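Enquirer: Numbering (my numbering), first residue to last: 57 to 339.
Where hints are given, some of them may not hold.
Unchecked claim - Using 27 Å as the maximum straight-line C-alpha spacing, the simulated BS3-like pairs for lysine-lysine come out as follows:
| # | residue 1 | residue 2 |
| --- | --- | --- |
| 1 | K167 | K106 |
| 2 | K186 | K270 |
| 3 | K95 | K106 |
| 4 | K241 | K186 |
| 5 | K144 | K92 |
| 6 | K270 | K92 |
| 7 | K186 | K92 |
| 8 | K188 | K167 |
| 9 | K331 | K144 |
| 10 | K95 | K188 |
| 11 | K301 | K188 |
| 12 | K167 | K95 |
| 13 | K301 | K331 |
| 14 | K95 | K241 |
| 15 | K108 | K186 |
| 16 | K167 | K107 |
| 17 | K167 | K135 |
| 18 | K241 | K188 |
Unchecked claim - Okay, the calculated beta carbon distance ranges per label pair:
| # | residue 1 | residue 2 | range |
| --- | --- | --- | --- |
| 19 | F156 | A338 | 18 to 24 Å |
| 20 | Q177 | V80 | 22 to 28 Å |
| 21 | R295 | Q86 | 26 to 32 Å |
| 22 | K135 | R258 | 37 to 43 Å |
| 23 | S131 | D283 | 36 to 42 Å |
| 24 | V282 | Q86 | 26 to 32 Å |
| 25 | S194 | Q254 | 20 to 26 Å |
| 26 | A168 | P111 | 54 to 60 Å |
To be clear, the hints were calculated from the coordinates, so they are not data collected in a lab.
The structure presented is a predicted model; accordingly, all values stated were derived computationally and were not measured.
Note that CB positions come from ideal geometry on N, CA and C, so glycine has one too.
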Amino acid sequence: MQNKVYTFLLLLALSILSAEAAKVDTLVIQSPSMQKTLKAGVVTPDGHQKKKNGPYPVLYLLHGYSGNFSNWLKSTPQKDLLQQMADKYQLIIVTPDGGFSSWYYDSPVDKASQYETFITQELRQEVESKYKTISDRSGRFISGLSMGGHGALYLSSRHPDIYTAAGSMSGALNINSIAHENLLKSIEAVLGPKPENQELFRQSSVVHMVPQLKASGVKFMIDCGVDDFLIEDNRELHRRLVYEKVPHEYIERPGAHTWAYWGEALEYHLLFFQKVRAEALAQ
Numbered sequence: 057m058q059n060k061v062y063t064f065l066l067l068l069a070l071s072i073l074s075a076e077a078a079k080v081d082t083l084v085i086q087s088p089s090m091q092k093t094l095k096a097g098v099v100t101p102d103g104h105q106k107k108k109n110g111p112y113p114v115l116y117l118l119h120g121y122s123g124n125f126s127n128w129l130k131s132t133p134q135k136d137l138l139q140q141m142a143d144k145y146q147l148i149i150v151t152p153d154g155g156f157s158s159w160y161y162d163s164p165v166d167k168a169s170q171y172e173t174f175i176t177q178e179l180r181q182e183v184e185s186k187y188k189t190i191s192d193r194s195g196r197f198i199s200g201l202s203m204g205g206h207g208a209l210y211l212s213s214r215h216p217d218i219y220t221a222a223g224s225m226s227g228a229l230n231i232n233s234i235a236h237e238n239l240l241k242s243i244e245a246v247l248g249p250k251p252e253n254q255e256l257f258r259q260s261s262v263v264h265m266v267p268q269l270k271a272s273g274v275k276f277m278i279d280c281g282v283d284d285f286l287i288e289d290n291r292e293l294h295r296r297l298v299y300e301k302v303p304h305e306y307i308e309r310p311g312a313h314t315w316a317y318w319g320e321a322l323e324y325h326l327l328f329f330q331k332v333r334a335e336a337l338a339q
């Protein structure tokens, strides 16, 4: 009898913990700008369902080239990483679908690739209508890896009224210098042929957008592994930001272009965003 009581109490405790754990939803969003349906993961922290709790800050977390919305939920070495981080930092994490190779641009040549509009407007409005979010820039952050690192800095500098801070992990920050055949073709598919659009390629590269980054007032964090093939582009952006006296955090750590690195990087970004929000609230 005593063992049965202990077993019941243990199961009850586990059920309570499970009920209080972060929850993962899959949003299905109709994009008017692209005339197609896309998905996004939404991780809500424990307590989000309780009426007295919230509103919560939101992190939009972007995937890399050839990825999709589920990468951040499935590919990190620690499979429940986003759930743990949502609980620990009491924020909502949204993982948008950025297409196979959209580079998060509104393409001037492909009407089915309008991902700047999708991320900054359509998805954001959907999230804010369905979840208890802080619906002003003080509660919105954006970060991402590789193509998504570029996307986070690019989108935040173009929409400083939406985001208060942005981060890049192993960011592909110089679109203009990419020569790899498949990657170059993917960029030409959204920006047009490079020979005829050289200035657009340059203007669309974050490393050449320092004036916009400086004017935006957004707080930036740049993070890259020393063994990453993109390290020199990250160092170059860091040098340019230092030269132009643009406040930012810059981190180099051991590591390469891998999920092991990005899985560890996420908490550094969340700590940075937490600091930015605390400083804003203190003013």
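Enquirer: Indicate, hint by hint, whether the structure satisfies it.
Expert: Against the structure, the hints:
{"no.": "1", "hint": "K167 to K106", "in the structure": "violated, 41 Å"}
{"no.": "2", "hint": "K186 to K270", "in the structure": "violated, 33 Å"}
{"no.": "3", "hint": "K95 to K106", "in the structure": "holds, 25 Å"}
{"no.": "4", "hint": "K241 to K186", "in the structure": "violated, 37 Å"}
{"no.": "5", "hint": "K144 to K92", "in the structure": "violated, 35 Å"}
{"no.": "6", "hint": "K270 to K92", "in the structure": "violated, 35 Å"}
{"no.": "7", "hint": "K186 to K92", "in the structure": "holds, 20 Å"}
{"no.": "8", "hint": "K188 to K167", "in the structure": "violated, 32 Å"}
{"no.": "9", "hint": "K331 to K144", "in the structure": "holds, 14 Å"}
{"no.": "10", "hint": "K95 to K188", "in the structure": "holds, 19 Å"}
{"no.": "11", "hint": "K301 to K188", "in the structure": "violated, 36 Å"}
{"no.": "12", "hint": "K167 to K95", "in the structure": "holds, 18 Å"}
{"no.": "13", "hint": "K301 to K331", "in the structure": "holds, 20 Å"}
{"no.": "14", "hint": "K95 to K241", "in the structure": "holds, 25 Å"}
{"no.": "15", "hint": "K108 to K186", "in the structure": "holds, 16 Å"}
{"no.": "16", "hint": "K167 to K107", "in the structure": "violated, 41 Å"}
{"no.": "17", "hint": "K167 to K135", "in the structure": "violated, 35 Å"}
{"no.": "18", "hint": "K241 to K188", "in the structure": "violated, 40 Å"}
{"no.": "19", "hint": "F156 to A338: 18 to 24 Å", "in the structure": "violated, 42 Å"}
{"no.": "20", "hint": "Q177 to V80: 22 to 28 Å", "in the structure": "holds, 24 Å"}
{"no.": "21", "hint": "R295 to Q86: 26 to 32 Å", "in the structure": "violated, 43 Å"}
{"no.": "22", "hint": "K135 to R258: 37 to 43 Å", "in the structure": "holds, 40 Å"}
{"no.": "23", "hint": "S131 to D283: 36 to 42 Å", "in the structure": "violated, 19 Å"}
{"no.": "24", "hint": "V282 to Q86: 26 to 32 Å", "in the structure": "violated, 43 Å"}
{"no.": "25", "hint": "S194 to Q254: 20 to 26 Å", "in the structure": "violated, 38 Å"}
{"no.": "26", "hint": "A168 to P111: 54 to 60 Å", "in the structure": "violated, 34 Å"}
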